[in-house]
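S.K.: Here is what each chain is made of, one letter per residue.
4 protein chains.
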Amino acid sequence: MWLRTSCDMNFDIPEPTPFILMLRMRSGAQQWVASEKFVLSPSVPVFEFTDIYGNLCQRLIAPAGRFLIYTEAEVMTADQVDEEPGAPFVEIDFLPDSALIYMLPSRYCESDRFNQMATEITAGLLPGYDQVKAIETWLCQSIRYEGGGSDIPLSAVEVNRNQQGVCRDFAHLGIALCRSISIPARMVVGYLHGLHPMDLHAWMEAYVGGRWYTFDAAGTDQKGGYVAIGYGRDAADVAIFNQFGPAVYPVSQSITVAQIEESINPNA
Amino acid sequence: MWLRTSCDMNFDIPEPTPFILMLRMRSGAQQWVASEKFVLSPSVPVFEFTDIYGNLCQRLIAPAGRFLIYTEAEVMTADQVDEEPGAPFVEIDFLPDSALIYMLPSRYCESDRFNQMATEITAGLLPGYDQVKAIETWLCQSIRYEGGGSDIPLSAVEVNRNQQGVCRDFAHLGIALCRSISIPARMVVGYLHGLHPMDLHAWMEAYVGGRWYTFDAAGTDQKGGYVAIGYGRDAADVAIFNQFGPAVYPVSQSITVAQIEESINPNA
Amino acid sequence: MWLRTSCDMNFDIPEPTPFILMLRMRSGAQQWVASEKFVLSPSVPVFEFTDIYGNLCQRLIAPAGRFLIYTEAEVMTADQVDEEPGAPFVEIDFLPDSALIYMLPSRYCESDRFNQMATEITAGLLPGYDQVKAIETWLCQSIRYEGGGSDIPLSAVEVNRNQQGVCRDFAHLGIALCRSISIPARMVVGYLHGLHPMDLHAWMEAYVGGRWYTFDAAGTDQKGGYVAIGYGRDAADVAIFNQFGPAVYPVSQSITVAQIEESINPNA
Amino acid sequence: MWLRTSCDMNFDIPEPTPFILMLRMRSGAQQWVASEKFVLSPSVPVFEFTDIYGNLCQRLIAPAGRFLIYTEAEVMTADQVDEEPGAPFVEIDFLPDSALIYMLPSRYCESDRFNQMATEITAGLLPGYDQVKAIETWLCQSIRYEGGGSDIPLSAVEVNRNQQGVCRDFAHLGIALCRSISIPARMVVGYLHGLHPMDLHAWMEAYVGGRWYTFDAAGTDQKGGYVAIGYGRDAADVAIFNQFGPAVYPVSQSITVAQIEESINPNA
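Chains as they are written, first to last, in the working numbering: chain A, 1 to 268; chain V, 1001 to 1268; chain Z, 2001 to 2268; chain S, 3001 to 3268.
In short, the hints are calculated from the structure, not lab data. Here the structure is a predicted model, which means the values were calculated and not measured. Cβ coordinates follow ideal geometry from the N, Cα and C atoms, glycine included. Incorrect hints may have been included.
To be verified - Some but not every residue of chain V turned toward chain S, in silico, with C-beta under 7 Å:
(1) Pro-1105
(2) Ser-1106
(3) Ser-1182
(4) Ala-1236
Sequences and hints are given; from them, build the entire structure.
M.R.: What follows is the structure, given as structure tokens:
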């Protein structure tokens, strides 16, 4: 399906503040970015770099006063994410080098504390895809979705203690469980068509059967319509904006995702 | 100034053909990409990767038949490129690691053959920016601009023998001369506002005084309006499209660059 | 000073087990590796890769049974680490891209929880080196060194609660405090001449005044003699060995660091 | 087999001269570096970085006067390089991103000029390994090995014109021929056991059947005993030493490669 996404964030900046943004999506196996639009108002110099996960990041200094960041994109994405029951566990020695970092514990995914729990959840299952699916199912059934959480991310240990959370929390706990049984897992932040209420979304991918598969336990019935913006180990890596100095949150934020007709060449 | 660029290429593909494209510009110190649009017709799966120079590249298989690639962008770029007479030569031991590759000879820039010539052209000058400026001036005065060259790039040695060439040829010879006196130099391919006749353009950057400066000897009087698409050692690295198998050239290609008003947030 | 280091680890491996090792030091501004020696017994195929932090890592499958890893190196390192009281805080917008990742919270350094505490510890001080020095001093005075801790690393929050720890714990808390006031900080694992009892050591580096400086609060009076093996965000990234599957610890481990005469060319 | 290699280079440096060295081998699928030793005399500060091909490079300033670089290594390498007649050509769209750069023409491998010649040499053969083997055989039969060539590398076009060359020349022509028929090919510099007269050696690898295979047309009957130091597109990328400023060649250079018993842990 073709989607048009937009993200509109307004800030009141008390003093000039450095930001690191993650505004530009990448085209890949699972999505094709046909158009992008960025507005910064007021306009400021931007320096772009590629972070260690391959995300395109933008550095800038937000000036004092009202600061607006607006992005819009037209993206083709799968109607339904790939599923592959039975896809096997990849032995560590056959994992690509680039997947290894997604095996390690990270700030919000203390995978070193979850081996026993993950072993119980996946008992008796074929190693690989089926284990991750069981973790996803367990999360759906055991963790209550509770919107409007804190601005500060919770870690997998905290989420497991609370037994409730938002999409980010489901992803953190799912990732920690996967890694604890040696399945590489990473966090994705982006858009999801049909999400209600509409907002930025977070989910996870796990590496089984020789590729990354999408999993999302956060109480949604969507089969597809995912648009990835950034990839990382957990929420610490994939903030849409990272800002330094006194905390600054958007005074307003508006996200839209709408299905559209295919983008057409005006000259064709 | 704000520019809208477009590139429209039509191919007649005899058999399915792998392409590597360089469609997506980067935002950086010298330009800000406010919007991008890509159309591939027919639509095909695209895989994006970052090459060793930091360019965003797209891999795809063009299907047999008519294949169209259209890109459009709105970009803010400098009215006038920075100049810094007197900017000093950077001693090799203070060059950043990332600049070192631009010191080596490459396919079309046989810098190992030009030391004597470059030494003569820059005799008596302050090492650094002034040397590069002298090379640019020498190219303007000595090499005749002659449009409509071959599809196959010539190397600096060949250009120097011919004493004529197109923008790409000027850049290759200029780069070879700079590198031969230990000044890192790289090729840039992109758009130039006001170019006549309008086409894709190529120019060079040299690393002096601790940063990259733009130089362009190709017979144009433009002071600014440059939009970079890709960076590399020479034309072998920065093809807008690389295609494998039987050679396929666009049956038609149209480039436009127009000055526009600043891109505005529709919601602002 | 010239040092000869060695690390001898013996494992009893119950079943073939994938390892990721960090055996090879890098030569850099602060150390020169004049020789290296590696023994794996029994000998097995090894694949080397460079991780996202620049460390050289080795992948292998340890066979069942007794498995021995021995490394030895001769290294020139500073008698005294550089100190630079007054070195200024680097504004975020002037940090190199590569330092940004060391600003984010990580598995064992929950820097998002320490801003108030770090602000108190560094109150009234010149931003930069002097703040880090104050954090180091505070750690020395407030956290009790207590050898023989757990095999599982504790996080900065846990270390701060316990008010005691080993070298790794001091580093984690120090790193979290630095990052919480926007000073990039990273973990280093390696050797330290004169450490008693001798073991692998961990310390931290902070980025102030335009470069990385060494800090080590772990109760030692050493002024220099540091040999770095690996760099990372915290202990999750810089394990000398990471092993997957059922936990396997060395049945014996022996570390030596001895001062030697300069390595001499046998042919000179 | 286990080999001990050494390289001893003496320079008379007229004025302080920046060098970029490639001293440290990597362990990989085809070799295991059990020990390394480096001597620089006089001792100078060294900064190590990883270049875009993954080679470990060292930067230093050689002081005026006699300067000696000595390296020694103990390496396990294959008695016989892998051969795989029939290994298929890899379609461009299935090549790993990292192989693509080895498809492009480079300074000494003008692959854009050799398509017709390569097509004739490989006429009627199964695409892939067999084509590369035919190119290797053609080189052996058509190009005369002639030691003691110039210090300045020749390009494939020049080698083909001369119909003679040294190992480096054979590799350049072979690489150009492979790339011209869309087979990724790269240059390797290193040691070869049994080479006569002993010297540094250069050969090529081609990517067929999903991996890199070794080919060496340079008139040697060796089946194995290769020790790779560096990889690159051609000789411009894999100089054991690159030096800037007035050309400086070793006043003496001595290479040894000797078969040894397996390296043993002194403590085992």
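S.K.: If a hint holds in the structure, say so; if it doesn't, say that too.
M.R.: Hints, verified against the model:
The interface hint given for V:Pro-1105 holds, since its Cβ lies 5 Å from the closest Cβ of chain S, which is under the 7 Å cut-off. With 7 Å as the threshold, the beta carbon of V:Ser-1106 comes within range of chain S, its nearest partner Cβ sitting at about 5 Å, so the hint holds. Taking 7 Å as the C-beta contact cut-off toward chain S, the hint placing V:Ser-1182 at the interface holds, the least distance being around 5 Å. Proximity of V:Ala-1236 to chain S holds as hinted, the smallest CB-CB distance being about 5 Å (cut-off 7 Å).
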